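A.B. asks: Letter by letter, the chains look like this.
Protein chains: 2
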Amino acid sequence: MARTEYLAKIATRLRIHSLRMTTAAGSGHPTTCLSAADIAACLFFREMRWNTGNPHDPANDEFVLSKGHAAPLLWSVYAEAGILPFERLLDLRKITSELEGHPTPRMPWVRAATGSLGQGLSVGAGMALAQRLDKSPARTFVLLGDGECAEGQVWEAAAAASNWKLLNLVAVVDVNGLGQSDPTMHQHDLAALKRKFAAFGWDAITVDGHKIDKLLAAFREIGKKGRPTVVLAKTLKGKGVSFIEDRNGWHGKPLKADELARALEEIGCLPDIDAKRFVRKPKPFRMKRAAATLDFPRTAYTEKTATRLAYGNALLSLGKVNASVVAVDGDVKNSTYADKFFEVFPGRAFQSFIAEQNMIGVGMGLAAKGYIPFMATFAAFLTRAHDQVRMAAYSLSNIKICGSHVGVSIGEDGPSQMGLEDLAMFRPIPGCVVLYPIDAVSSEACVAAAAAHKGMCYIRTSRPATPLLYPAGEAFPVGGSKVLRKGEKDAVTVVAAGITVHEALKACDVLKKEGLGLRVVDAYSVAPLDGAGILREVAETGGRAVVVEDHYAAGGLGEAVAEALAGKAALTHLCIRELPRSGKPDELLERFGISAAHIVQAVRELAGR
Amino acid sequence: MARTEYLAKIATRLRIHSLRMTTAAGSGHPTTCLSAADIAACLFFREMRWNTGNPHDPANDEFVLSKGHAAPLLWSVYAEAGILPFERLLDLRKITSELEGHPTPRMPWVRAATGSLGQGLSVGAGMALAQRLDKSPARTFVLLGDGECAEGQVWEAAAAASNWKLLNLVAVVDVNGLGQSDPTMHQHDLAALKRKFAAFGWDAITVDGHKIDKLLAAFREIGKKGRPTVVLAKTLKGKGVSFIEDRNGWHGKPLKADELARALEEIGCLPDIDAKRFVRKPKPFRMKRAAATLDFPRTAYTEKTATRLAYGNALLSLGKVNASVVAVDGDVKNSTYADKFFEVFPGRAFQSFIAEQNMIGVGMGLAAKGYIPFMATFAAFLTRAHDQVRMAAYSLSNIKICGSHVGVSIGEDGPSQMGLEDLAMFRPIPGCVVLYPIDAVSSEACVAAAAAHKGMCYIRTSRPATPLLYPAGEAFPVGGSKVLRKGEKDAVTVVAAGITVHEALKACDVLKKEGLGLRVVDAYSVAPLDGAGILREVAETGGRAVVVEDHYAAGGLGEAVAEALAGKAALTHLCIRELPRSGKPDELLERFGISAAHIVQAVRELAGR
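Protein chains in written order, with our numbering: chain A, 783 to 1391; chain B, 783 to 1391.
If you're looking for bench data, these hints aren't it; they were derived computationally from the structure.
Please note: incorrect hints may appear among the correct ones.
Put simply, identical chains are the same to the list, so a pair is met inside one copy or across any two.
Claimed, not checked - Taking lysine-lysine pairs in the DSS-like style, the calculated list, with each CA pair at most 30 Å apart, reads: (1) LYS1035 to LYS1086; (2) LYS1366 to LYS1035; (3) LYS1294 to LYS1038; (4) LYS1063 to LYS1288; (5) LYS1086 to LYS1038; (6) LYS1086 to LYS1268; (7) LYS976 to LYS996; (8) LYS1065 to LYS993; (9) LYS1264 to LYS1006; (10) LYS1006 to LYS976; (11) LYS1295 to LYS791.
Keep in mind it's a predicted model, so treat the numbers as computed, not measured.
With the hints as extra help, turn the sequences into a complete structure.
C.D. replies: This is the structure:
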C-alpha cells in the first residue's frame, strides 16, 4: 500500500475515534482533533522513530502535545500504535480512566501535562537540550495550535531554541484559523506566522496540513537549514465533517448522538488497517549516563554569608558530584549566585535570558528526560512562571526552583523586586516542598534536601548576609523544624523562618533581660510544615505563639501555622500588611512590623506584660 | 541655541544627576541611565507634548518606563522639567522619598509601577487604546531595554498593538547590548530586533541612540507607515564614562565616591541650561467623558444559573449605564460570558487573544487613563498573569478581574483547567478585594461591588449552574458575609463560599434529621474576610467550625478563617489536598472530600456524634 494511502487511512481512523470518544464522554474538543489528524498520522506513523514498548527508551523521538485540548487525538494515536486497547478510548474523561480531558502523566507516555496553552515549545526545547546532552540521535516534536501562538511564552521558547541551535527540535503548528471564541489573529495567513518564526531564527515551512504527501515532503526538510524547524500546516477545524468544518462556534463541543451518526456516515466506515506495524523503530542508541551521588561536600563557612551565596556554592558542589545536575538562568545568575555553576559547567548551564516562563518550561523538559534542573531568579519574578509551576506539578516534574531576594529585607530596590507572595504561590502547589534557610549551613543543606527529594522543590533565599547559626553538617530534612532557643519557663514561642529568625533571636536576648523566656523555632520547612513539632513547642509555652515572616499576610508561614495550631493556641502574626517601599533593610523591617522590636512588643502583649 | 545642542546639554545633565543620585544612594543602576540619556532628552524635551503642571491632563503624551531600573533617569527628567526640586534627587531610595528604586505611583507622574521587566508595552498599549477611545491627539511612549525583549509579554503586546492598529503607540528600545549577567541575546545586532518587530507588524526604525539629530529624525517618522512605531536605538551602557562604558559587570552598581569624581571629570561640569523651557505644551484638547453611574439594573433570575453567566449579564448591564466600563478578553469570552459585553459594545471591548499577561497589562493602561476595565479568563490561566497582577497592585490600578471555572467542580476538563490556587494568588495582593459569589443574584451584586470599589478586585465564578439562594436586590458589600442557616442550638458553623455553600446546605438538611443544627455562613467576601462576623457565629456554635472550599489547602478560605479564629475555635478544613483529575463534577466533589457527605462527616466528628 502506498505510504500516502495508509497514512490517510490512519488519519481517518484517528478522526473516527476522536469523534466517538468525545460524544461518549459528552464533552471535549473533537474539531481540534480533526484539524490535526493528518499531521498526527504523518508524525507518529512515519516521521517519528519510537519504541512503542517503552516510553522511557532514550532512543525515542519525543512528542509534546502543546495544544492539550486535542487529547482525544493523542489517545487515539496510542490506541492505533497498540499501546492502549481500543475499547479503553471510550472511557475518555471518566474518573476511572487515565485518558483525561487534557494530557497528564497518568498516561505514562505523557512527559508533560498540557492544557494551559503556549507551554509545550519550552518543554520541547528542554527535551531537545537533554537529547543533545545525551548525544542521542533522537528528536523532539511539539504540536501547537495557531491560537496559542499568541502566548508570549511561545516566542520566548522560539528565541531560546534558535539561540541554542536546537536542530533536533521540530514544531508543527496546526493552523486551523479558529480559536475558542473568535477566529485567531492571523487566521489562515500562514505568511504572517512564517514571518514571525523566521524572524525568531527558525526555518519555517508552510504546507497544506491535509495533504499527506505535502506533509511528508515538509518533514523531509527538517533541520536542513541549520535551524530549528517549524512546519506551519494550514488546516480546517473539524476537517472531514461538512457541518462542523471550518465553522466558528464548534470549539470544545462534542457531537450529539445524531450528529455523530451523520458525521460517521460522511466519513465512511473505519478503514481496515493495522496502524501499529507502520510505527518506525528508533535507531539503536545506548545512553551513557554515569550513576552519581547527590551527596556533596559542604563548604566550611566562618563568617556572615547570604543564603543566596551559599545556594550558589552548594549548586556548584552538587554539580561536581552529579553530572545530571543542570541549571537554567533568567539573566540574574550573578544575583542568585547560580553563576558559580555556569562558570564551571557551561555545557550543562543554559541561559534563558529574561524569560522566566521559558526557564521553567525548559527545566520541565530537562527533568522529563532524567536531568535534575535547578532554576533560580528573584522570587518576585517567579510569579511570572506561576502557570508553568502549576503545570509542572501536574507533570510530576522533578524540578528545583530557587527564589532569591525575598521580602522587604532586600531594601532599596523597592516593591517590584521584593518576593512577598512566593510562599503563597508555592505552598498550594500539590507535592511541592518549600524550604527557607536562615544561614549558609542550612542553605547548603536545603539544596541537598531538594536534590534528594523526588519532586518539585522551592528554596527561598535572602539577599543580606546573615550570621551562621548552625554547625557545619547539620541536616535539614524535609518536614522538619529546629528549636533554636529553649528554656523551661518560656512564656511564648516565636515561629520564624529566614531573616526573621535572626530578629527573633535578638528579641529573645532583649526579653531575657526582662525575665521573659522566649522559645524560638526555625520553621525552615515551610511545606510540609512540622505542624506537630511546632504545636508541641507552643503547647509548652502556654499555647502562646508569635509567627513572624518577611512575606504578605495571606498564604505564608503565618497562615500555615494558624491552621496547624487551630483551636490550640493564641497567635499573633507579624508580617507585611501594606504596600512596601524603598529604604534600608533594617528600616523596612522596622517600618513594616517584623523587626526584633515588634517581636518584643508582640510577645509582651501575648504574655500579658 | 541649536536644538541638537540644547538637547545634548540636557542629556549631559541627566547623566550627571543619575550618577550622583546613585552614588549618594549607594545602590541603583547608573549605567542603564547613561545609555538612555540622549533618548530621554529627545523624548521629554522635544518629541513629547506634555503639561508639566498636571500629570492627569488628558492632552498629555504619556510615558511608561518599561525598563524601570532606569528610575534615576526618569527622576532626573522630572527635576529638569521643573516638577521636582533638584536637591530632592539626592534622596533617591530613601525611606522618606517618593523617588524609589524603581518607579511607583508614590511619584504622581508614574502611571504604572515598573521594575518587573517586559510589562510596559502592554500598559502603553492600554493607554494608547484609551487615548483613541477619548479621541485624543496624544500619544503614548514606552521606553524598553533590549534585555527585556526576551520576555514573551513584549511580543504579546507587540502583536496586539499591531492588530489594534495603535498608530499612537511608540516604543523606543534602548539597545545597549548588555543584560544583568550576560550580553543580551542579540547584543548590538539591531537587524535581528528589527526583523522581529517588523514580523509583528511594527514599523521598526534603527538609529544611533547617542546621535541627537538621528534620534529626532527617527521620531519624525512615527506613525507614517500606518503601523505602531518602534525606534531601535543602538546605545552603549554607561555611555559618557570611559571606564564603565560598554563593559559587562557594571549592571546595578553605583560608582564609588572616587569613581564618581573621575566620571564627573570626564563628563565635565553641569551644562548651564534651563531645560524646562524646552518642554512642549500639548495641543489643546478637552476630553468629553460623561459622568456616569455604577448602579445598574439587575437581571431577574428565576432558575438555576451559573455565576459566570450572571457575571456576563451584569457586565453588560453595567456597560449600558457607564461608558467608562471596558473589557479585555483572552479568547475565552464565550466561557466567561464576557461575550455579552463584546457583542453589544465592540468599540469598548478588546480581544487580546490567548495572552493573559498582555490582557492584564492592557487593563492597567486603560485604568491608568480613567477607564474601568474588566478582564476575564479561566481562573487557572490567571496564574499566567500573576506578575502583572502583582505590579498592578503597586500601580494602585483600578482593574477588575474575573476568574471562571474554579475548582474541581468544572469536572471533565481536568486539572489544567481547574482554578485551585487563585485565592492563594489574589489574597496576598495588597489592597485586592476577593469576591466569590454562590448564585446569580450574588454574582451580579459582586460585579456591582467590584465596580464601586476603588482598586483591584477579583471575582471568582463557577462553571456549573447553581440554584438561586438570595432574593433579587440583596446587597453584598465588600467585607461582609451572610448567615444562610441559623438555629438557636446549632452545634457547628460551616463556613463555605461558592459551590461548597450548596453542599453545606445539603449537609444541613441531612444533619437536621439527626437533630444536629448546622449554621451555614456564606463567606462571599474572601478578602477582606468578615473575620469578626464569622467569629461571632462560630462562638455561638460552641467554637466549632468547618471550612469547606473548592481550592487547595494553602492560601485559600480555610487558612483565612484559621487565622481569623486563631485560638478561639476548633477547626476542620475540607479542601483539595491531592492532585485532582478528570471526572464528573459531583464525583470529584465526593472523591476530593468537599461534598455534602464529607461535610456531614466532619460536623459529626467535631460535634462528637
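A.B. asks: Against this structure, judge whether each hint is valid.
C.D. replies: Against the structure, the hints:
In this assembly of identical chains, LYS1035 and LYS1086 lie within 30 Å of each other by CA distance solely across copies; the values are 22 Å between and 61 Å within a copy. Within a single copy, LYS1366 and LYS1035 get their C-alpha atoms only as close as 56 Å, which misses the 30 Å cut-off; across copies the closest is 16 Å, which meets it. Taking CA atoms no more than 30 Å apart as the test, LYS1294 paired with LYS1038 passes in neither setting, with 75 Å inside one copy and 42 Å between copies. In this homomeric assembly, LYS1063 and LYS1288 never come within 30 Å of each other (Cα to Cα): the closest approach is 66 Å inside a single copy and 56 Å across copies.
Proximity of LYS1086 to LYS1038 under the C-alpha cut-off of 30 Å is restricted to the inter-copy arrangement: shortest distance 23 Å between copies versus 69 Å within a copy. For the identical chains of this complex, LYS1086 and LYS1268 are intra-copy neighbours only, at 24 Å inside a copy versus 58 Å across copies, given an alpha-carbon limit of 30 Å. Taking the shortest Cα distances, LYS976 and LYS996 sit within 30 Å of each other inside one copy (17 Å), while across copies they are farther apart (32 Å). Proximity of LYS1065 to LYS993 under the C-alpha cut-off of 30 Å is restricted to the intra-copy arrangement: shortest distance 27 Å within a copy versus 57 Å between copies.
In the homo-oligomer, the alpha carbons of LYS1264 and LYS1006 never lie at most 30 Å apart, since the shortest distance is 58 Å inside one protomer and 66 Å across protomers. Taking the shortest alpha-carbon separations for LYS1006 and LYS976, both the intra-copy value of 17 Å and the inter-copy value of 25 Å come in at or below 30 Å. Within a single copy, LYS1295 and LYS791 get their C-alpha atoms no closer than 85 Å, and across copies no closer than 61 Å, so neither meets the 30 Å cut-off.
Checked against the numbered hints above, the structure violates hints 3, 4, 9, 11; every other hint is satisfied.
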